[in-house]
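Novice: As given, the protein sequences belong to chains V, H and D, one line each in that order.
Residue numbers for the first sequence follow my numbering, beginning at 1 and rising by one.
Residue numbers for the second sequence follow my numbering, beginning at 292 and rising by one.
Residue numbers for the third sequence follow my numbering, beginning at 686 and rising by one.
Among the hints, erroneous ones may be present.
[To be verified] Here are the in silico distance ranges between beta carbons for each label pair:
| no. | chain 1 | residue 1 | chain 2 | residue 2 | range |
| --- | --- | --- | --- | --- | --- |
| 1 | D | Q985 | H | P429 | 52 to 60 angstroms |
| 2 | V | M1 | D | M1050 | 49 to 57 angstroms |
| 3 | V | M52 | D | M1050 | 44 to 52 angstroms |
| 4 | H | P490 | D | K1022 | 29 to 37 angstroms |
| 5 | D | D907 | H | G630 | 53 to 61 angstroms |
| 6 | H | P490 | V | M1 | 46 to 54 angstroms |
| 7 | V | P124 | D | Q985 | 37 to 45 angstroms |
| 8 | V | P124 | D | E716 | 49 to 57 angstroms |
Honestly, the hints are just simulated from the structure, not real lab data.
Note that the structure is predicted; figures quoted are calculated from it, not measured.
The beta-carbon is built from N, C-alpha and C at its ideal position, and this holds for glycine as well.
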Amino acid sequence: MVDFIQMVVSGVAVGSSYALMGLAMVIIYKTSEVPNFAQGEMALVTSFVTMMLLTTFGYPVWLAFCLAFVFAAALGAFLEFAVLRRAKNPNILGTIVITIGLEMVLLGLVSWKFGAEQKTMPFPIGPYDSFIIGDIFIAKLEALTLVSALVLMALLFFFFRYSRLGLAMKATQQNPTAAKIVGIRTNRIMMMTWGISSVVGATAGLLISPVIMHPFMMWDPMLKGFAAAVMGGMTSLPGAVVAAYMLGIIENLFGGYVSIEFKSVVAFAIIVLVLCFKPSGLFARHYVKKV
Amino acid sequence: MFFDRITAFFCLAAVFFILTANTINKYDCKNTFDNELFTHQKVLPMDMKRNYYEDVQLVTSPVVFFWLILLFVFLVVFPFIVGNYYVYVANYIAINIIVAAGLNLLVGYTGQISLGHAGFFAIGAYGTVILMAKAGLPFLLALPCSGLVAAGFGFLLGLPALRLEGPYLSIATLGFGLTITQVIGRITLFGGREGLHAPDIVIGSWIIETDRQFYFLLVFITVLLLLGMRNLIRTRVGRAFIAIRDADIAAQTMGVNIVFYKTLAFAVSAFYAGIAGGLYAFVLKFIEPEMFTLMMSIMFLAMVVVGGQGSLMGPIVGAGLLCWLDLKLRNILDIPFLGDWLETLSMSWFSITGVSNIQYVVFGSIMVAIMLFEPLGLYGVWLRTKRYWRTWPF
Amino acid sequence: MKKKMMILGCMILMLFSAPIAWTEEGVTDTEIHIGQWGPQTGPAAAWGSVARGTGDYFKWINATGGIHGRKIVYHMFDDGYNPAKTKAGVKELQEGTGIFAWASGVGTSPGLAVKDYLMERKVPWVGPAAGSLHWVSPPEKHLFAVYPLYYNEARALVRYAVEDMGKKRVAVAYLNDEYGKNGLRGAIEELEAHGMEVVAQVPVEQTDSDVKPHVMQLRKSDADMVLLWTTVSHAVRIVGTAKAMNFTPQFMSTSTCSDFPLMNHISKGLWEGVICATFGELPDSDHPGMQQYKKEVFDQFASKDERWGMFYAAGIIFIEPMIEALKNAGPDLTREKFVTEMEKLTGFKGVGPEVNFKPFDPNDMYSRQGTRQTFLVQCLADGKAEKLTDWITLD
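Using the sequences provided together with the hints, build the complete structure.
Specialist: Here you go:
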C-alpha cells in the first residue's frame, strides 16, 4: 500500500512538468490551431539563457528568473511574428513542419552555443531535497512544480474565461475573420498567445534545469506534455493537466507493477488506445467537421 | 579544376533560370498554377490528355523517350565513372527515396501525417534480416515478406487513424514509432539491444558483396517501386487518395470508400518504408533498435516536404538533397569560404566545440523556409521555372 | 556491349584515379593519414571530446617532431552517432584520401557498421572507444581494442565491494543496451563466483527522464551496494533520487562516470563517496604523464571551450599504444610492420592501463584485447579522487 501511494505521489510529481508543457501547447493550439513542436526547445533556450545569466554573469536568482520570463515571452512573440505569421494559409501539416523546423533551429543554436556536456543550473531549492512524510517522499522541487502547474492552470483558466484579453483570444480561435470584424487585432492576440505559452513552457524548463541540463533534456517532457494535451483534447486547459497527471501516475504504476522497460513508452500506447475510443481526447467536446 | 568550373557554371546558370522564373512570374495566374500541380493536369494545350490511359503512359513523346534512355544509361554507367564512395552515397539516397516516396503517398496525396515511419523502417530491416538469418528465406522472398509485415502494421495503425487528424494523428504515429523500437529491443529473437548482423545477399548464383553490385539491385528495386507508385497515383486508387486529401467527407458522399482507402494508404506507405528498411540493413550490415529514432522519422517527413508533397519528383529531389546535405555537413568547417567565417563566428559568439550543430540550424531553416515561401517544395520551384521558360519570349 | 561498357568504365576510372605510389596507402614521405569519427551532434555528443582530444594530441606530436620525420594528418568527422553517416565518412576518407589507420572512434553501432569494411581492406584500427565484446569476439587481425571491457570493470567493482567492503546485497541499474548489459553480465558472473546473486536488476531506458520507479525497485531490494551502469545523466538522477528517498547504499559506477569534477558539479555534490572504475589515470591526478599532457597538449592546443575532462583525456589514452607502435615501426612504415609492432607491445605503460598484445590467434581474444586492467577511485568532497586500489588485472 505504501508503495502504491508512493507511486501515485511520484506520478503526480513527474506529471507536473508534463502538465506545464501540455498547458503551453494547449494555449497555442487553442488560439491558432498550431501543434507547437518547438515548445520544448523554446523552453530549452530560455533555460540555457537563464543558466548563463546565473553562472556567467552572476545575476541573483530572482533577477535572472524575471529576465528569463521576459526573454521567454519575447522569444515566443518573436517566433510568431517572424515565422508563423509569414506562412501562407498553412494547413495542419504545414504548421507541424514549420514548428519542427523551428525546433531543430533552436536545438542547433543551443548545442552550438553551449556544447553537449551535461550542466546544471544553480537554484535555491536543491533538486534532491525532499519532504518525507512517513514512508512517502516528494522532492521539494517537484512540489514546487506541482504548485506552479496548478496555479498556472487556474490562472489561465480564469484568464481565458473571464478577462477581456482571454475572451478575445477565444474569439480569435473560433473565427478569426469575425474577430477581426468586431475590432480584435488578431495578429497582436496571436503574438501574445505565443508569449504567454512560451512563459508557461519556460516554467517547466526552468524547473527541470536544476537537475541536469543538456540540449536534449526537453524532448521527453515535450513529447509527454504533447501526449497529455492531445489526450486532454488539445483545447482544454484542465483536460491537459488532468491527462498529464494521469500519464504520470500510469507511467509510475506501470513501471512499478508491470514492466519498467516499457515505462517510457507506455504513455504513447495509452494515447493510441484513448484516441481509438475518443478521437478528440477525453475532455473536448466532440469536434464535428463542417463540410 | 576544370570540372569545378563546369559545375560552377551550371550552378550559376540554374540559379539564374530559377530566379528569373520565380521572381518575375511569381504572382502570375497563381490559381491555375496550383490547380495544375494538384490535379496533374497540364494546362498547356500540347499536354492535353484525352483519356486516363494517357495519364499512366510512361512514354508520351520522342523527347520523353530520349530523356528516359539517357537516364537509364546514366544509371547504368554511374557506378563505373565515380568512386566507390559515391556509389555508397547513391545507395543511401536511393533508400531514402523509397521511404520518402512511400511517405509522400500518405502525406502528400492522402493528406495524413506520420511521424512514425522510422518504425516501419525498423520493421522492414528487422523482418528481412530475421527471415533470412533465422528462417533461411532467400533475399528476394524475405524483402517483400517483411515489406508486407510492415504493411500489416501500417494497416493496423491506419485503423485508429481513420478517426484521427492533425495533432491527434501525429502523436499517435509518433508513439507508434517510439514504441516499436522499444518492443524490438525487448525481443531476444531480434538480437535485443545488441543488434543483428545482416547476412550476405545471394540471388541465385549472384553473391552481392560490393557497393556496386548492391547498387544495381537497389536501383532496380527503386525504379520498380517508383513506377508502381506512379501507376497507383495515376489510376483510380490515386484519385481516391487525392479526393480524401482535398475533402474527405465530400469524397465519401461521392462514393469513395474512406475506410478502405485510408488504411490502404497507410499500408502501402508502410510497405515502401519496410522495403527500404530491409535494404538499409544491408547497406550497414548491422542493425540495432536505437538507430531508428524519432529524428529519423522527422528527416523522412522533411524530405517529402522539402522536395514537394503531392508530386512524384518531390520525394526524389527532397531525399537526394537532404541526404546529400546530411552527409556533406559532416565537416562543416571544411566548406570553402563559409567554413572560416563560421569558425570565427563560433569563436566569438558560440562555441567551437559545438560547431557541428550548425547542421541542425541548416535543416531547420530549410524546412521553415520551404513551408513559408514555397509550400509545394523544390518541385514547385521547378514547375514554376519550367512554365516560365517554356513560353519564354512571350 | 556490356564488355565494352566495362572497358570504357575502367578507362575512365583509371583516368580519374591517382597514379599508384609504391608506398603504403595513407603514408607519404612527410605525412601519415589517420582518421577518426566522433559524434559532435545528437544525443551522444558529450562523447565528442574523445575525437577532439586525439586531434590535439596529434598536434602535439607533430609539434614535437612528428614520427620519424612524418607529420600526422588527422581526419576527423562528425557522424552524429548515426552508423550510416559513419560508414559514409569512413568510405569517403578511405577511398578518397587514403587513410593509413583508424584511431579510436566512439560508439558500438557506428563502429560495427564499418568494422567489416575496414577489416576486409586490412586497414588497422586501434582503440575503438566503446568497451564492447564485439571487437574481439572473434578477434580480427587488424583491430586492436584498448578500451577495458565493461565486463571486466564490473567484475573489478563487484569484487572490491564484496571482498574489501563486505557488501552482501548487490543491485545493478543498467542502461538497457549493449553497454549496460555487458556491465550487468560482469556483475552477475563475479557474484556467482562468490556464491551470491544480484538482488535487483533494474533496466534504465535511454529516454527515461524520471527514475523514481527505478530507485524504488532498488530500495525495495534493500541493496547495500548499487552498481550504476547507465549514462552520466541517469547515474546522477539515480543517486539524487535515492538521496531524496533516504536510500543510501554504496554507489559504484563505470569509467564513463568517472569524470569526478563534472559528476560532482552536476550532481550538486552528491557524487561524493561514489566508487568508480577507470580506464586510465584521472585527468587531474599527479601522474607525471598526465600532468605533461595537461600542460603540453591541453594548454597549448585545445580550443578555449574545451574542458580538461575524462573523455578528452581518453582521446589521448586510447591512442598512446598506436603512437608507440608507429614509432617502433621505424621510417619505412607499412601496415604490416605497424601491425607487427602493435603485436609486440607487451607491458606498454602510458597513462592508461598496461597494454599487452600477442601475435594474432583467432581463438584468443586477449591477442587483440590489449588491456585488462583497471583501478578503482572514490570521489571526494570537491570532485577530487582518492585511489582505492592499484591497477587490478583481471583474467
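Novice: State for each hint whether it applies.
Specialist: These are the hints, each one checked on the structure:
1. D/Q985 x H/P429: 52 to 60 angstroms: This hint holds: roughly 58 angstroms between Cβ atoms.
2. V/M1 x D/M1050: 49 to 57 angstroms: 51 angstroms Cβ-Cβ, so the 49 to 57 angstroms window holds.
3. V/M52 x D/M1050: 44 to 52 angstroms: Because 48 angstroms falls inside the window, the suggested range holds.
4. H/P490 x D/K1022: 29 to 37 angstroms: holds, 35 angstroms
5. D/D907 x H/G630: 53 to 61 angstroms: At roughly 57 angstroms between Cβ atoms, H/G630 and D/D907 fall inside 53 to 61 angstroms, so the hint holds.
6. H/P490 x V/M1: 46 to 54 angstroms: Holds, at about 53 angstroms.
7. V/P124 x D/Q985: 37 to 45 angstroms: holds, 40 angstroms
8. V/P124 x D/E716: 49 to 57 angstroms: Between V/P124 and D/E716, where Cβ atoms are some 56 angstroms apart, the hint holds.
Every hint, counting from the list given before, is met by this structure.
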